[in-house]
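Enquirer: Sequence:
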Amino acid sequence: MNVLILNQAFYPDVVSTAQHASDLARGLTQAGHEVTVICNSRGYDDPKLRFPNQETWNGVKIVRVRSTGFGKSSKWRRAADFGTFMASCAFRLWSLPQFDVVVAMTSPPLISFVATLAVPGRARSLVFWSMDLNPDEAIAAGWLRSESPVARLLSRILLHSLQRADRIIALDRFMKDRIQAKGIPPEKVLVVPPWSHDDRVKFDPAGREEFRANYKVSHKFVVMYSGNHSPCHPLETLLQAAERLAENEDIAFCFVGGGSEFVKVKEGARSRGLRNVLCVPYQPIEKLSGSLSAADLHVVVMGEPYVGIVHPCKIYNVLAVKKPFLYIGPSESHVTDIIGQSGAYVSSHGDVEGVVGNILRARRNAILGPQCGVDLETLFSKDRLVPQMISAIEQVGEQTCGDPVRRATERRSANRA
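Numbered by the UniProt record's numbering, the letters in the sequence shown go through residues 1 to 417 in order.
Simulated from the structure, these hints should not be mistaken for laboratory data.
Be a bit skeptical, because a hint or two may be false.
[As the list claims (entries may be wrong)] Simulated DEER-style distance windows between Cβ atoms:
(1) N53 to I367: 51 to 59 Å
(2) Q388 to R200: 13 to 21 Å
(3) G71 to R92: 18 to 26 Å
Heads up, the beta-carbon is just placed ideally off N, CA and C, and yes, glycines get one too.
From just these sequences and the hints, can you work out the full model?
Expert: Right, dumping it as structure tokens:
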């Protein structure tokens, strides 16, 4: 089977969607399928970073297209980068041979619409991998009014993509509910959570000490938020807690990652004179275990309006390093589903006293003895969930190309034997 994956970011980029797309592509090639990826030639978080126009990685053919590189400092800059990437992507797609299945992700928003235009001319079927929902996210963030002409147009485009897809992959039950509420049949939507990178991410004692020594927090209790900093994950309550604990010299707050809000976090900490706040850019995948292991308490944040629109992917790598975590967010979400099985520290947005109390409680518990955090990582492991994704794609492909899919499945079985 010949598979095409569309996403703005891919290997060697380190943002979450790039890592998950890379895992899926490599898994498909190992299963005996031919895989091509169209992605951006610029780095997702740093548009000044450039990658080769074409290369082959682990049997995956990577085709990178050009776009503007204005960055994320304003809406028009983001829109220009998204628009030029989508135009380049559409142009390049029509120059490639026909595919059996195209897997469209959601970076940039509505790239799935480009994929719908390719079906059936350039691809026989479409799998919509919904990493988030837009324009729902933009409306929830207040960037668009729900009744505005632009919002209604974008909503129609999203609905068209959902209706045209042969299979939709949602990340949790809340996202599936939102998709079904748009009139999509439930049997068309499959829930497959994004997986932890447990083949590369695990508790790393040496990496923990190296990170803590490099950033001079070796003897401190480290509270860490690691991942994309976006309006969907509001960090003001955590920053206020850091301000409240500024005199506790044995507690450090570490913000690791990037995104549109990362600069605001740095500026907010600087303007408040918070010497207990450390901001660190995205870590390369080979150092991710060490940086995540450096935390004594991780923080997972979900904005109130975004349940079912975005997904808290960072929770899985926290599970992989078996560290305790503090959840700040609404009382019902995918994170609370996990907490219901495991137990964790929980606070709500605006409850600064509650966050401070939970941090101090976690520090006292750490003093009493080592904590292993939650032990649910196998439920969200790469080895468990990537095969589910491959199976869903193969089922779609089998409807259009039958024998090639069966032959690939037979080759995979033979290789395992």
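Enquirer: Which of the numbered hints above does this structure break?
Expert: none
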